[in-house]
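Using the sequences and the hints, build the whole thing.
Protein chains: 2
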Amino acid sequence: MLGELVCVDYWANGFGMRVRIALREKLVEFEFKEEDLWVTQRSQLVLEMNPIYRSVPILIHHGRPVCGSVNIIEYIDEVWRVDRSSLLPQDPYGRAQARFWADFIDKKLFSTQTKFLKSKGEDKEAAKADLIEDLKRLEEVLGERKYFGGDKFNFLDIALIPVSSMFNGYEEHGGFKIEDHCPNLVKWVERCMERESVSKTLPNHKEMYELHKKWYGIE
Amino acid sequence: MLGELVCVDYWANGFGMRVRIALREKLVEFEFKEEDLWVTQRSQLVLEMNPIYRSVPILIHHGRPVCGSVNIIEYIDEVWRVDRSSLLPQDPYGRAQARFWADFIDKKLFSTQTKFLKSKGEDKEAAKADLIEDLKRLEEVLGERKYFGGDKFNFLDIALIPVSSMFNGYEEHGGFKIEDHCPNLVKWVERCMERESVSKTLPNHKEMYELHKKWYGIE
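One line per chain: the protein sequences are A and B, in this order. Position one of the first sequence corresponds to residue 101 (this note's numbering), numbered consecutively onward. Position one of the second sequence corresponds to residue 101 (this note's numbering), numbered consecutively onward.
Since the list can't tell identical chains apart, any single copy or any two copies may satisfy a pair.
30 Å max Cα-Cα, derived DSSO-like pairs, lysine-lysine:
#1 K252 to K236
#2 K287 to K236
#3 K236 to K306
#4 K246 to K300
#5 K207 to K236
#6 K224 to K236
#7 K246 to K287
#8 K126 to K306
#9 K207 to K218
#10 K220 to K306
#11 K133 to K300
To be clear, the hints were calculated from the coordinates, so they are not data collected in a lab. Since we're looking at a predicted model, the values are computed, not measured.
In structure tokens:
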């Protein structure tokens with residue numbers, strides 16, 4: 101029997117961490133069901149709840165699934181609205197910008213990360229330059245503000261912060277310091293880590309890099 | 101000097117047609133600026149307004165760009181809210197479902213279409229089966245309802261209807277009738293075409309298929 105609110109995910113899934121952070125920001129209790137992504141066969145629950153993509157995270161609310169991490173954050177923001185601050189900005193243009201950059205993280209930054217980790221030789225140098233460029237774009241969006249949401253930790257902060265659990269991995273893998281290119285972003289990570297919703301969700305940096313090395317067959 | 105509301109797009113861009121339909125549904129006047137996608141160089145306006153992707157559609161409102169077709173529909177829905185019916189469903193679960201299926205069209209259906217048009221021999225047969233499967237999934241979502249939005253033509257109808265301008269092309273290219281697999285979807289297209297927002301926006305089917313043949317080098 102499924103509980104009222106269930107988050108199905110793999111502990112080190114950057115997309116899924118967003119869901120857990122959003123729920124914790126809203127102080128909503130949920131049951132966590134671990135899905136092992138190292139075995140080929142997905143669980144019966146995932147096959148049933150997300151038959152098209154067979155992927156996690158999935159948020160199951162009163163037995164009904166919501167799939168796609170950004171979609172889930174918007175859902176959480178709309179359902180647990182009362183007496184809690186909203187995750188998306190209030191004005192339509194701010195919302196459109198937040199959605200644009202969340203999409204940039206999903207479509208651009210995650211694929212740049214994969215190329216960077218998998219590539220070799222000259223390709224690696226090019227991918228490293230791309231990764232730094234992507235991070236610098238986000239540094240520019242952040243500017244001197246406390247959070248991407250301004251004074252408020254919000255939607256875009258939630259979308260990006262899981263990526264930071266690979267920052268040490270990037271540095272070790274590429275032999276560079278993120279701080280040299282994006283000092284504000286590094287300070288932003290420290291600031292976010294002071295929030296219980298984030299510190300409770302993000303895994304250990306070393307463990308994350310080891311996991312990625314295993315995943316991509318990096319020696 | 102740019103007008104108050106400008107839509108930059110290429111006439112046959114399925115993603116961009118969504119924006120024009122959404123604006124017409126809301127009875128909002130806009131200026132259309134054609135971007136020629138057949139030349140390698142993008143216009144200065146596109147380079148300036150969408151420097152990361154250099155793609156269209158772009159909606160420029162009071163000089164500020166909004167990029168990404170689904171993002172733009174949500175923006176339109178949020179800005180022109182007063183006295184007009186809303187494009188997204190009212191309940192959070194309905195909204196999450198609509199966003200999920202719009203994403204399915206973008207990530208799955210459009211890439212299946214490309215494979216179907218470009219592939220040859222046995223691969224074409226497999227891609228045709230995939231295309232029919234994708235369409236059948238959407239037929240299932242529609243069910244016996246008038247629109248994807250139920251009695252109301254809404255967000256998901258807008259996201260999908262541009263694809264229908266290639267339905268005749270699919271049939272000619274693959275030697276099959278969509279009606280044999282998705283009778284409700286075919287009736288839904290006819291119903292949508294009765295709306296001025298749609299009929300005014302969708303291009304001629306024959307012209308669309310000829311354009312795709314040229315685009316993909318199909319003989």
